[in-house]
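**Q** Quick note on numbering: the sequence shown equals residues 161 to 572 in the working numbering.
Since the hints were made in silico from the structure, they are not lab data.
Glycine included, each C-beta is placed from N, C-alpha and C at the ideal position.
Take these hints with a grain of salt, some might be off.
[Unchecked claim] BS3-like mimics (lysine-lysine), calculated; alpha carbons at most 25 Å apart, straight line:
#1 K561 / K469
#2 K495 / K542
#3 K542 / K469
#4 K495 / K469
#5 K222 / K280
#6 K495 / K561
#7 K561 / K542
[Unchecked claim] What follows is a list of derived Cβ distance ranges for each label pair:
#8 K561 / Y397: 30 to 38 Å
#9 A471 / N357: 45 to 53 Å
#10 S192 / T364: 37 to 45 Å
#11 G215 / V512: 38 to 46 Å
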Amino acid sequence: MKKTRILTLGLAFIGMLALVSCSKEETGGNYSFSGKAQKGPFVTGATITVNELNGSLAQTGKSFTTSITSDDGSFGLSNIEMESNLALLSGNGFYYNEVLGELSPAQITLQAIADLNDAKTVNINVLTHITKARIETLVREGKSFADAKRQAEGEFQDFLGVTEHFSQGFEQMSIASEGDFNAILLAFSIILQRPSNNLAVIPTLPAELTWLMTNLSTDFADNGSVDNGALVDTMLYNISLQNQTYIRSRLSNYYSGLGLDVEIPDFESYITLFQAAHEELVAEYIYPDMASPNPEIGPEGAVPNILVKEATRFDGTHAYVVAAITPLGRNLKVKVTGDIHFSTSLNNGWLVTEQNTEGFTIEAQRHNELVSMPIYMGSFSKDGSATIEYYEDSETPTFTKQITWTGNWFGK
């Protein structure tokens with residue numbers, strides 16, 4: 161009898177331990193927290209929904225809603241009573257497209273799973289959205305929420321080419337805060353969205369973004385890697401069309417317009433890391449013989465490139481480009497002195513840093529990708545000449561050449 165009683169008490173004690181172990185992530189209570197919903201920032205009127213989750217990450221049916229009342233994406237909830245400390249946060253609304261510099265023409269939805277215990281800040285962003293399904297998979301396989309979340313975030317940082325992992329969770333990241341940790345989020349937010357100046361294409365960009373995020377999330381969920389090369393190629397293509405200087409300037413101006421003094425993190429270096437992890441890299445500066453004046457709209461319409469170093473004589477009545485590919489981590493500046501002109505509406509990766517009656521200076525804003533800008537040489541009817549200086553990761557010219565061109569004088 162005594163042995164039976166001891167065995168019974170022992171089993172009861174083990175059962176109590178099991179109960180504590182299974183329920184430690186579902187403590188419940190009253191929760192108050194704030195956060196930001198960001199692609200770019202969601203704008204006023206976007207809806208935030210909080211759904212209570214149990215330990216298996218299934219919804220219990222209890223939910224709470226609030227709205228974003230500031231164009232920086234801020235939201236907050238106070239004293240919400242839940243039986244579990246695990247929650248699914250969803251943000252749905254229009255957002256500021258940091259790549260185009262304008263509000264989105266359609267709404268998107270982003271989600272995050274979070275532990276609300278001791279959480280003062282819970283942000284919703286593209287990284288929390290992509291890793292959600294992976295976290296759910298790992299929990300189904302028996303991992304605790306904390307371990308599943310930590311593993312999913314580490315795996316996705318590996319995919320992004322980030323070798324230094326950070327202790328903070330993705331829900332702590334903000335695109336409007338300084339630091340490498342936040343720069344990862346902004347870099348990924350940017351490479352998800354391609355730029356376009358085609359008015360017929362712009363309305364479809366939110367749908368493209370949703371398609372890409374959905375497929376990335378699905379691919380990543382099963383094994384913690386992105387195996388579909390087409391998805392990676394899509395993001396590399398987005399990078400190939402972007403002007404990172406413009407993106408930084410537009411995002412900074414957007415927050416300044418809201419009266420906010422924000423420090424835009426160094427997203428450029430993390431875009432470079434992603435390219436280094438997934439792209440075949442060029443080792444030297446490349447000046448292709450031919451390039452399209454507008455690679456996005458007409459990639460096949462190539463014309464001669466005046467930056468080919470051996471080329472010095474041209475026909476002034478023809479169309480030309482200034483085109484180059486700059487290695488990752490290096491810089492390229494080109495200074496043209498002479499009667500050569502360009503259209504600033506088609507810079508395609510070049511940043512014009514100086515322009516006057518004597519010429520212009522441009523700097524490459526894409527790395528390991530083609531930058532190309534159409535130019536024309538003075539008057540079609542006149543002969544002319546110009547000097548071109550190349551600054552290849554240098555403050556002084558690394559190469560200089562003189563070019564000449566013939567015009568179309570009648571009777572010549």
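**Q** Report the numbers of all earlier hints that the structure fails to satisfy, in ascending order.
**A** 9, 11
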